[in-house]
Amino acid sequence: MSNKVTISTRVRFARNIEGFSFADSIDVSRAEKIIQAVEQTMKKIKIGGGFELIRLSNLSDIDCIALVENHLISPKLLHNKAIGALFLSKDQMLSVMVNEEDHIRIQVILHGQKTREAFEKAVELDRALEDLGYSCNPKFGYLTSCPTNTGTGMRVSIMLHLPAIIRTGNLQKTMDSCSKLGIAVRGTYGENSEALGHMIQISNQVTLGHTEEELVTTVERIATQIVDWEMLLRKTMIDEDRIGIEDEVNRAYGVLANARRLKTKEALKLLSDLRLGVDLGMIKNISRDKLDEIQIIVQPATIQKIAGRTLTSIDRDIARADMVRDRLN
Amino acid sequence: MVCQRCSQNPAAIHVQRNINGKRTQIHLCQNCYKDLGGSSSSDFGWPSLLGGIDGIQNAMGISEAKKTPKCQTCGLTYENFIANGKFGCSNCYGEFNEKLEKMFKRMHGSATHQGRMPNISDGEKIVVKKALKTKEQKIAELNQKLAEAVKVEDYVLAATLRDKILALSKRGGGGSVK
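Which chain is which? The protein sequence lines are A and B, in order.
So for the first sequence, our numbering puts the first residue at 5; every next one is plus one.
So for the second sequence, our numbering puts the first residue at 435; every next one is plus one.
There's no promise every hint is true.
[Said to hold, decoys possible] In the EDC-like style, the derived pairs of lysine to aspartate or glutamate whose C-alpha atoms are separated by at most 20 angstroms in a straight line are:
| id | chain 1 | residue 1 | chain 2 | residue 2 |
| --- | --- | --- | --- | --- |
| 1 | B | 504 | A | 252 |
| 2 | A | 94 | A | 128 |
| 3 | A | 48 | A | 128 |
| 4 | B | 539 | A | 31 |
| 5 | B | 520 | A | 22 |
| 6 | B | 598 | B | 513 |
| 7 | A | 80 | A | 128 |
| 8 | A | 267 | A | 283 |
| 9 | B | 520 | A | 252 |
| 10 | A | 273 | A | 251 |
| 11 | A | 269 | A | 297 |
| 12 | B | 520 | A | 218 |
| 13 | A | 267 | A | 252 |
| 14 | A | 8 | A | 252 |
| 15 | B | 504 | B | 532 |
| 16 | B | 504 | A | 28 |
| 17 | A | 273 | A | 252 |
[What the hints assert, rightly or not] Now the stretches of chain A that chain B is said to cover, found in silico as 3 or more residues with beta-carbon under 8 angstroms:
| id | segment |
| --- | --- |
| 18 | 25-37 |
| 19 | 61-74 |
| 20 | 288-296 |
Calculated directly from the structure, the hints in this document are not laboratory data.
No experiment lies behind these values; they were computed from the predicted model shown.
Quick reminder that beta carbons are idealized off the backbone N, C-alpha and C, glycines included.
Okay, chain A solo, but in the shape it has when bound:
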């Protein structure tokens, strides 16, 4: 389904290799064995254009955090930096985190709402890796470090841009409804994170007792309902105060295209307004791809990664404004 509200779809499988302690209680040499075993298998996998091995211990802190900002690794993998690794496909859509909370975290991220496609790619990768000997049993399915992932080990997440729902004070209502249907609502960077730039993620809360297909269908269905509601509220907002919305959108555009200093949260809030303007056809000359690119580069660590050096907070704000101006003019 193609819509203007869904930013991306992510499917991840949590897997562990039998015969090893889970990653939070594993020693360094055993953790290294897991990386090597996964590497041997990953070499044979051709999907996604092949994979590159990135050991977190070889990266600077800034580069590691930039991977989190790009949603390529979880914040949790940073805690296991000494033993953590990432296999990233050339097209950056497929990845395998090693020694996060679980030995293996298969992840597929696609633009837009493509749950089925993401699921199928994740299964393909899973099938290729399962010869490593996954921990599982017929009763509880895939055995994971955290009981909240036991069973399918699968989390289907859809990132949604919900300016109308949040502006009209309906986020809590959305969260409550989702919760009753077994759907978790989280901020941009997973658990306990804020809904920065009016972005939220919805995902399946339960992982045990349902087939993967059932879970995919449920998350897809709820996402579609939220998208429909967001579109309805956008229409109501326009009907009630079109000039007011156009004013906000153009002010956001004006600030982003001209500011000399921009803070992260400010930039994300203005980008949300601008994205709304693009979606509503009020701004014609900016593509959604451009907005997606800016959304990533305004993040603090990504700016420093692009700059190639550590920047102070004020220098970052200047660099952020420069980069955004450059891309909008």
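Mind docking chain B on chain A? Use the hints.
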């Protein structure tokens, strides 16, 4: 004698239990007895009452009723698992099996995997499901016998049946398919 749960009201109900041949007694007032799932008739919910009594005994430090399980592979105790919310290794699932069913039902609404498995064809999946069903049916039958034993106040038989149910449940967890 006062109630061992609330320490206020006089104990009116005296429940005897036989665990692995060791007799224990717990004394409850009418209110606490009802709170724990007992009723004025004899067909009370025995499993929930046992759960409640175990809770009291644990709180009182009477640990013979239920020792905290410990994973023989990674050394994680059930208490630590509850405190941290993380298993230490895949064998913890087998070691804590009898306690996990309830937790998973609360957490996921189910304690039985329905999804994919590695390297197993669709035909084999059906066989696995059938095997599970047979075991669940056995447990259901034993539960029925347990209820009957409780009804006629044969607590020795009830305890034996309860141990059988626990042993049968335990057999389902742990280990790898591979």
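Hints, one by one, checked against the model:
no.: 1; hint: B:504 x A:252; verdict: violated (60 angstroms)
no.: 2; hint: A:94 x A:128; verdict: holds (16 angstroms)
no.: 3; hint: A:48 x A:128; verdict: holds (13 angstroms)
no.: 4; hint: B:539 x A:31; verdict: violated (33 angstroms)
no.: 5; hint: B:520 x A:22; verdict: holds (17 angstroms)
no.: 6; hint: B:598 x B:513; verdict: violated (24 angstroms)
no.: 7; hint: A:80 x A:128; verdict: violated (25 angstroms)
no.: 8; hint: A:267 x A:283; verdict: violated (24 angstroms)
no.: 9; hint: B:520 x A:252; verdict: violated (46 angstroms)
no.: 10; hint: A:273 x A:251; verdict: holds (15 angstroms)
no.: 11; hint: A:269 x A:297; verdict: holds (16 angstroms)
no.: 12; hint: B:520 x A:218; verdict: violated (26 angstroms)
no.: 13; hint: A:267 x A:252; verdict: holds (18 angstroms)
no.: 14; hint: A:8 x A:252; verdict: holds (19 angstroms)
no.: 15; hint: B:504 x B:532; verdict: holds (12 angstroms)
no.: 16; hint: B:504 x A:28; verdict: holds (18 angstroms)
no.: 17; hint: A:273 x A:252; verdict: holds (11 angstroms)
no.: 18; hint: 25-37; verdict: holds (count 4)
no.: 19; hint: 61-74; verdict: violated (count 0)
no.: 20; hint: 288-296; verdict: violated (count 0)
Figure legend: structure checked against the earlier numbered hints; hints not met, in rising order: 1, 4, 6, 7, 8, 9, 12, 19 and 20.
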